[in-house]
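Trainee: Could you put the whole structure together from the sequences, leaning on the hints where they help?
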Amino acid sequence: MTTILVDADGCPVINETIAIANEFEMPCVLICDTAHEMHRDGAETITVSKGADAVDFVLVNRIKKGDIVVTQDYGLAAMALAKQGLPIDQNGRWYTNDNIDQLLYARHQAQKIRRAGGRLRGPKKRTAEQSEGFIESLRKLCSTL
25 MTTILVDADG CPVINETIAI ANEFEMPCVL ICDTAHEMHR DGAETITVSK GADAVDFVLV
85 NRIKKGDIVV TQDYGLAAMA LAKQGLPIDQ NGRWYTNDNI DQLLYARHQA QKIRRAGGRL
145 RGPKKRTAEQ SEGFIESLRK LCSTL
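25 is the number of the first residue of the sequence shown in the working numbering; add one for each residue after it.
If you're looking for bench data, these hints aren't it; they were derived computationally from the structure. What you were told as hints is all true, and nothing was included just to trick you.
Dumping the calculated DSS-like pairs for lysine-lysine here, alpha-carbon to alpha-carbon at most 27 Å: (1) K164 x K88; (2) K89 x K107; (3) K74 x K136; (4) K74 x K88; (5) K107 x K74; (6) K136 x K149; (7) K107 x K88; (8) K148 x K136; (9) K164 x K89; (10) K149 x K164; (11) K164 x K148; (12) K164 x K107.
Mentor: Put into structure tokens, the structure is as follows:
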């Protein structure tokens, strides 16, 4: 059975994900660190100690082939793809073997700019359209399984 795993630290679509998981009768697991501890009806919560990438490592170790992973972290998405998971971001974009290298490269370039003292724009304020796009895309993904 497909499980939906959520990188829940800072995830803006937790409630939407749980609702869709319940709609498709799929287990939903929220993984967060102690700084973001949360509990929601309709989902299992796993809380891990704070630490660089602690949530990512726990999540990756739980992925089985065909599990859906909700994350905005390109590195975690790449690891999910390597384990034959189905990663999707908070706006509904599916990470694939066709787009992950370009996304990782862009992240690397942004890190180089920041390390050199440069500044980049932060993300724009989240819109209702982005949430709707996520809901539509996650439903479509779930319906293909």
